[in-house]
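Single-letter residue listing:
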Amino acid sequence: MQKIFYLIMATLLALPMTAFAMNQEDAMMSELQKQIQELSGELEELSDRLDDAERHSTLDRIELTGDLRVKADSLHYNKVTVVEPPITTPVALPGGQMDGWNLNPDGTFKRHTSTLNNDVLYTTRLRLNMKARIWDNVKFNGRLLMYKNWGDSSGTKVFDSWDSFTMDGTSSGNTTDDTLHVERAFFDWSNINGSNFYLSIGRRPSTYGPPTQYRENELRGGTPSGHLVNFNFDGITAGYKLGELTGWEGQTVRFCYGQGFESEYGNGELWGEISAKDTHLGGFNIDVLNDGTNFIQLTAFRAQDISDGFKGTMAIPSSFLPPDLGSALLPGFNLESRYFGTTTIGNLNLAGIGYAREEDNGLVWFGSFGWTQTDPNGESGMFGGMLSDAKLDPVLGDTTGDGNVDSIVGMIPSGSSMEDKTRDGYSVYIGLQTPAPFGKFGLEYNYGSKYWMPFTQAQDDVVGSKLATRGHVGEAYYVIDINPRMFLKVGAIYYDYEYTGSGSPVGKPKKVKDVQDGKAYSMLPAIDEIWDFNASLTMRF
Amino acid sequence: MKKLIRTVLFITLAAFIATSALASEGGNPRKGKHLYKKNCKTCHASGGEGGLVTPMTKTQAQWDRIFKKKKHNEDGWKNLSDKDLKDIQQFLFDHAADSPQPQTCG
Numbered sequence: 001m002q003k004i005f006y007l008i009m010a011t012l013l014a015l016p017m018t019a020f021a022m023n024q025e026d027a028m029m030s031e032l033q034k035q036i037q038e039l040s041g042e043l044e045e046l047s048d049r050l051d052d053a054e055r056h057s058t059l060d061r062i063e064l065t066g067d068l069r070v071k072a073d074s075l076h077y078n079k080v081t082v083v084e085p086p087i088t089t090p091v092a093l094p095g096g097q098m099d100g101w102n103l104n105p106d107g108t109f110k111r112h113t114s115t116l117n118n119d120v121l122y123t124t125r126l127r128l129n130m131k132a133r134i135w136d137n138v139k140f141n142g143r144l145l146m147y148k149n150w151g152d153s154s155g156t157k158v159f160d161s162w163d164s165f166t167m168d169g170t171s172s173g174n175t176t177d178d179t180l181h182v183e184r185a186f187f188d189w190s191n192i193n194g195s196n197f198y199l200s201i202g203r204r205p206s207t208y209g210p211p212t213q214y215r216e217n218e219l220r221g222g223t224p225s226g227h228l229v230n231f232n233f234d235g236i237t238a239g240y241k242l243g244e245l246t247g248w249e250g251q252t253v254r255f256c257y258g259q260g261f262e263s264e265y266g267n268g269e270l271w272g273e274i275s276a277k278d279t280h281l282g283g284f285n286i287d288v289l290n291d292g293t294n295f296i297q298l299t300a301f302r303a304q305d306i307s308d309g310f311k312g313t314m315a316i317p318s319s320f321l322p323p324d325l326g327s328a329l330l331p332g333f334n335l336e337s338r339y340f341g342t343t344t345i346g347n348l349n350l351a352g353i354g355y356a357r358e359e360d361n362g363l364v365w366f367g368s369f370g371w372t373q374t375d376p377n378g379e380s381g382m383f384g385g386m387l388s389d390a391k392l393d394p395v396l397g398d399t400t401g402d403g404n405v406d407s408i409v410g411m412i413p414s415g416s417s418m419e420d421k422t423r424d425g426y427s428v429y430i431g432l433q434t435p436a437p438f439g440k441f442g443l444e445y446n447y448g449s450k451y452w453m454p455f456t457q458a459q460d461d462v463v464g465s466k467l468a469t470r471g472h473v474g475e476a477y478y479v480i481d482i483n484p485r486m487f488l489k490v491g492a493i494y495y496d497y498e499y500t501g502s503g504s505p506v507g508k509p510k511k512v513k514d515v516q517d518g519k520a521y522s523m524l525p526a527i528d529e530i531w532d533f534n535a536s537l538t539m540r541f
Numbered sequence: 542m543k544k545l546i547r548t549v550l551f552i553t554l555a556a557f558i559a560t561s562a563l564a565s566e567g568g569n570p571r572k573g574k575h576l577y578k579k580n581c582k583t584c585h586a587s588g589g590e591g592g593l594v595t596p597m598t599k600t601q602a603q604w605d606r607i608f609k610k611k612k613h614n615e616d617g618w619k620n621l622s623d624k625d626l627k628d629i630q631q632f633l634f635d636h637a638a639d640s641p642q643p644q645t646c647g
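Those sequence lines, one after another, are chains A and B. Its first residue numbered 1, the first sequence is counted upward by one per residue in our numbering. Its first residue numbered 542, the second sequence is counted upward by one per residue in our numbering.
Keep in mind the hints are simulated off the structure, nothing from the lab. Here the structure is a predicted model, which means the values were calculated and not measured. Do not take every clue at face value.
Stated by the list, open to error - Below, computed lysine to aspartate or glutamate pairings styled on EDC-like, alpha-carbon distance capped at 16 Å:
#1 B:Lys572 <-> A:Asp60
#2 A:Lys131 <-> A:Asp60
#3 B:Lys582 <-> A:Glu249
What the hints assert, rightly or not - Some chain B residues judged to face chain A by a derived CB distance under 8 Å, without partners named:
#4 Asn569
#5 Arg571
#6 Lys572
#7 Lys574
#8 Pro641
#9 Gln642
#10 Pro643
#11 Gln644
#12 Thr645
#13 Cys646
#14 Gly647
Every residue, glycine too, gets a C-beta built ideally from N, C-alpha and C.
For reference, chain B alone in the conformation it holds in the complex (with noise of 0.2 Å):
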């Protein structure tokens, strides 16, 4: 028992090092949604202006290019602080085509 403890123990100051290292900020997935169904839906779905876009349309990788080189018209982001364009941007990243799914039948 007291070899577990030392074991848990050693490996959680590890990752408490690790993470110190390696933890970046992100945006906020939830206000992400809201901003999205606000602002992206109108043009985004299925008839619409920019054509239908849903999280799933790209995966993550292809969402990042998109939001670092800015490709979207200017017009349709004016209207967005650098705060929402990231928190969009970690909304469409957490639920990407290749980003984990609830799982469930139909």
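Next comes chain A alone, as it looks inside the complex (with noise of 0.2 Å):
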């Protein structure tokens, strides 16, 4: 009885605990049920707006950056030599011959030379980069580009230089308009098949190759070295990822193949009138090493087929025309015209080996060496041959009415040149890059012999490409990084020009003194020295 009243007494007291107990574990149940519920929400609702993110970033199939460079130069020409064009009344040389030529009594041909001031020329260049990923290991990238002038959109130059020509090769380095131009559109298909093989087609990155990319203040902007190739122009490329089986970082063996001159299609082939060859280059690009501290490439390629001239357009100066059309057109005014090359002259060879070595303290110095050389078939258009003058033949008419065709009336190309030698070129580019208060300091000098033949006329410096140029270049510049995606930078450029055509294939180089004292004919106005003092501010986005 005592036993079951214990065990009565005990349940009694026992159900209250149990009771307290049992509404503790469903007050916690309950509460915890309740936070799982809220805890669905929110995971019912992160899903809808990773359902939106990822939709978007499907959709959003290209990633665009870019950046924005707005530059003031001031330009400073000395000594400009213009040299009076062939005349249509015969002069009488020393010893009875009869010459075409505009020449002093002395025999030197009629010139004169100024200094010419640019004070102050603006230029914008937008750049938008494109990326897009096409599969695993095939993606594209491009890159739209306008550069131009302020106050120009007319998309062409006088002819002056072979830097006014409007032409796809330059199309990038050359202020045109307000026209995005692709300047790279290209897909790379990385890792065939499981190989390290890969396979690129397209417009190609072929400009601000290295060692250009310091001055520019940016990482590596081509393949090619921008000592000898800084041309747009449409190939391909297949290359092998070698130092993946050799240790060398970044070791890879390019092929390159590009077209840069189409003589039949969009050239009046109908007509039947083209002898010009397709213009075709290939070669190869190899990064020896490249594993952020030491760069090492060696490129060596060859342009068959090279044609007087790329097809593009220009605005001829009237002292080209013949003097009743010349006279015709009121100031101010000139023919647009379009231009393609209509005669093959030669083969080129290029090579180069280069090296860039980037320190642990930022010092940055490089060195490069090009060599070029020129291989003419003996043939000449209007402008010339290969590094050669065309021979000019006496057209002959009537001047004086009494009926005999004794009077040069003008002086035409023959169609061959005045020689047809195998030139060699070479050309040297150093250059130092150093941490400065608030950002970099840099030094950079080349020199270009007369025969010196690079593809860098895409190379934007607004005079032409510096390392094109046939004479000695320095450069200095300061970089001030105001934030790491804006920098200003100041700086001068110096070319002394040695000689005349500096950039272009066509018509012989001739010393620009010679050209000053009258002894050298010039088709183009030649330029002595130039001073290009320059203020940038550039922007990443």
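Using the hints, put the two chains back together into the complex; each one sits in its own frame.
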């Protein structure tokens, strides 16, 4: 009985505790369920938001980045010599020979030399980079580029140098208009079938190549050596990542092929008058080592069947027109014309080796050596043969009205060039860039010999590619890093031309001094020196 | 010409003043690369204990968050000084998915 009583008492005492415990558990369960419900709700909301983000990123297939550069240049051209063009009235030379050249009595060419200043020239360059993923091992890269001088969207310039052509190969480095040109557009198909091979076709990343990126204050901007190739072209690259086998970081072997001139499409081929051949480019571009500190690059390629001009447009200077047509034009008007090469003038071989080193303390130094070899075929077009002048024949007519066709009324290209020798040219390019207060300081020097003939015409210096110069060039610049995406650059470039025709394979390079002294003829103005003081602001986004 | 020189000098002076206010110390990305190769790649290579990680694996902001919150197991970082970590962070930041990249084909 007592036991039963104690049992009953224990049960009665325990009941509230149990009830209390059961109440606590219920409360906890209820709280947990509430929290689970809240978490489920949040997860559902996150999932919806993630769906939106995923949809957005799937449909936004192109990643866009870019940069904007505004630049001011002050140009001082020292001793610009313009030689009078051939005339149409006969001139008697000592010995009784008749000639159509415009000569002084002492036999020197009539010419005038002057100094020109362009106090300020403003340009704007906009670059929009595009990237898209096509598949796991296939991607698309492209770049749209606008490069113009302020207040000018005409798209052409008066022809006074080979840089004044508007043409395919220099569309990114020559100021034209406010159009966005496609500077590069290509795909990369990598690790084909699990191998180290890759294939890339399209408008090539062939500008701003090493070691020219340091003066641009950016990373490597193109594949080939910028000392030899800074030129927009369309082509194919087949590459192999050899470093995966050799252990040499970044070692890549590339075979590149492109076409620089299409002779038979768009040149009036149905008229049956085309004689120039297509120009094909091909060669090797090898990154021997690229480990973030040392960079070694070898280049060797050939341009086959170069014509006496790429396809391009220009405004014809009045002095180039027949006198009766030139005088009929109103002041300020120029005939705009499309030009294409009519004559195949020879082949060109190029090779080079470059080295750049980036020290841990930020110091960068580099050196590059380039060699070119022009191999003419002895033919010439209107402007000349390969690094040789056109042989001109006098055109006879009757200027006196006596019925005798014995007066020289003009000079025309004969179709042959004055010489067809193979010529070697070379160039050295060195520089250093060092950390400096608030940014970097850089010094560069390059020299090009008489017959130096690279494909760097798309380098966007306003007076022409400094690396194509047949003479000496020195550059100093200071970069102020305002923030990681914006910098100011002030600098000066000094060009000292020794020979004419820098950057052109057509026409014999003449000593600038000989042109100044009237001993040599130059179709285009011969410049002795240029000072280019510049300041630019660049921002990346 | 004089106008251009005055304008350039003004902009240069303004930039110097602006950068004095904004300049901050960063790590050395080249040292960071050496340290990363020596200390991190053993675990963060393909098939490694930490899984494949390259600078392109994350964005700049994501790398900064990892280093700010020290979101990494302590063992992996125990032999690295604060300066080392700063250098590694700078290397990863400078080569992150959204950082400027060299432009070549392939």
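Where does the structure disagree with the numbered hints, that is, which hint numbers, in rising order? 1
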